[in-house]
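Visitor: Sequence:
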Amino acid sequence: MKDSNFLKENNGRFMWHPMTSPADTKENPPKIITGASGVRIEDIDGHSVVDAVGGLWNVNLGYSCQPVKDAIKDQLDTLPYYSTFRGTSNDAAIELSYELNEFFAPDGMCRSFFTSGGSDSIETSLRLARQYHKLRGDHGRTKFLSLKKGYHGTHIGGASVNGNANFRNAYEPLLPGCFHIPAPYTYRNPFNETDPEKLAQLCVAALVDEIEFQGANTIAAMVMEPILGAGGVIPPHKSFAPMVQEICNRNGILLITDEVITAYGRTGAWSGARLWGIKPDMMATAKAITNGFFPFGAVMLGERMAEAFEDNPAAKIAHGYTYSGHPVGAKAALACLAETKRLNIVENAAARGDQLFEGCKALMEKYDIIGDVRGGHGMMTAIEMVSDRATKKPIDGGTAGKVQEVTYESGTMVRVSGPNIILSPPLVLSQQDADVILASLDKGFASL
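Offset between the sequence shown (1-based) and the working numbering: plus 358.
One or more of the hints may lead you astray.
Below 20 Å or equal to it, Euclidean Cα-Cα: the simulated SDA-like pairs (lysine to any residue) are [as the list claims (entries may be wrong)]:
(1) K750 <-> I728
(2) K360 <-> D382
(3) K724 <-> A804
(4) K596 <-> R632
(5) K427 <-> L414
(6) K492 <-> K427
(7) K506 <-> P531
Pair by pair, the computed Cβ-Cβ distance ranges are [what the hints assert, rightly or not]:
(8) D726 <-> F372: 41 to 49 Å
(9) T552 <-> S362: 43 to 51 Å
(10) R700 <-> E767: 52 to 60 Å
(11) E767 <-> N670: 42 to 50 Å
By construction, these hints were calculated from the structure, which means they are not laboratory data. Please read all numbers here as calculations on a predicted model, not as lab measurements. C-beta: ideal position from N, C-alpha, C; glycine also.
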């Protein structure tokens with residue numbers, strides 16, 4: 359490896375980083391991570407911290423999950439690659455499809471389509487939704503509905519159903535026929551409603567109104583995260599998702615749950631759909647499916663989708679990726695799924711999630727800069743920072759950056775997104791690790 363001075367000098371010269379500007383990369387050099395073990399990461403200067411970001415919501419089992427590493431090595435020695443396009447398959451992908459069918463059966467899923475990651479899984483879901491309606495003769499059903507504040511990846515379809523202007527403006531015009539309804543965001547919403555249950559009803563009423571305005575027979579699918587993640591960890595009232603599903607079913611609209619973050623235990627349930635007791639038509643998954651060790655994703659499909667495609671000889675899926683069903687990724691996913699079930703990580707996700715949530719609420723009592731704390735469903739917590747609690751005016755980026763930097767120097771990597779500090783650590787986090795996260799945040803806020 360090149361020495362540290364070389365790496366620091368060249369990081370911003372030849373490589374562009376996602377979700378930031380090239381100028382910012384040069385002006386504010388990023389942390390260069392060179393090692394990881396357990397739930398800790400180490401930077402190029404030898405500074406070791408707890409990773410409260412969990413890679414990027416995906417390293418559920420931590421960085422030392424040997425069964426997944428061994429599975430990758432063994433598969434590389436046996437079959438490092440072959441495609442699953444027409445005419446060929448591989449044993450690892452076939453076995454994974456069987457295991458995923460078992461894992462997601464309680465959610466009503468029965469088929470898999472493999473992708474290279476979350477954005478691919480969303481794009482695949484949108485395409486298959488349109489094709490489903492065409493196969494049934496409903497050629498006019500091409501539109502999509504989604505939630506404001508929702509995040510659905512970076513492809514043209516995903517960016518179009520994204521509910522955050524930051525991921526849209528630079529690339530517009532996007533896919534036509536995408537419409538957004540208010541999110542059940544209790545802290546900030548157009549109804550000024552602070553009661554979660556009443557807000558859920560208002561958002562559902564807005565959904566019904568949009569369906570009536572657009573015409574139900576023009577809408578292909580509703581896309582939503584069971585808990586909004588990148589938009590600031592926004593959990594809806596428990597009544598929200600069931601009401602949305604009932605409305606979609608009544609109007610012949612497919613329901614796609616974006617489970618890229620919420621599947622495989624993050625919410626303290628095995629999926630976001632299971633958390634709320636719903637059975638969508640499709641589930642877009644990725645991230646934790648391989649613990650971040652290999653780029654991989656899976657779209658899970660329900661009975662209604664399976665019947666429409668498998669009962670029609672003309673239902674050719676003219677879509678796929680070079681790495682769909684990659685044998686190394688499939689083998690990693692098999693090992694990851696086995697370890698996830700063996701450890702029953704939903705229990706620890708729920709317990710440590712509660713610890714972080716309650717700890718952050720205690721910090722809110724201590725620091726006026728904290729306007730809202732959201733979480734309470736597994737290892738998904740957000741702290742929203744404000745410059746004035748009464749007006750809910752967001753803080754400036756410089757203040758957020760200082761909190762993040764001091765928190766890092768005090769022992770924890772956190773992610774800042776707008777005014778939010780988002781906590782999404784590995785699901786194998788210990789009680790002591792959670793204490794480190796909370797103590798580091800305390801020092802971060804105390805520095806202001």
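Visitor: Each hint: holds or not?
Guide: Each hint tested on the structure:
Of the pairs offered as hints, the one joining K750 and I728 holds, with about 10 Å between alpha carbons and a cut-off of 20 Å not exceeded. Between K360 and D382 the CA atoms are separated by roughly 23 Å; this puts the pair beyond 20 Å, and the hint is violated. For the proposed pair K724 and A804, the alpha carbon gap of about 9 Å is at most 20 Å, so the pair holds. Note on K596 and R632: the hinted pairing holds, with a Cα-Cα distance of about 11 Å set against a maximum of 20 Å.
Using a Cα cut-off of 20 Å, the hinted pair K427 and L414 holds, with the two alpha carbons roughly 19 Å apart. Straight-line distance between C-alpha atoms of K492 and K427 comes to about 42 Å, which puts the hinted pair past the 20 Å bound. With a C-alpha separation of about 17 Å, the suggested pairing of K506 with P531 holds against the 20 Å cut-off. The beta-carbon spacing between D726 and F372, approximately 43 Å, falls within the hinted interval of 41 to 49 Å.
The hinted window of 43 to 51 Å between T552 and S362 holds, with their beta carbons roughly 50 Å apart. For R700 and E767, the Cβ-Cβ distance of about 36 Å falls outside the hinted range of 52 to 60 Å, so the restraint is violated. In this structure, E767 and N670 break the distance hint of 42 to 50 Å, their C-beta atoms being roughly 59 Å apart.
Hint check: violations occur at hints 2, 6, 10, 11; the rest are consistent with the structure.
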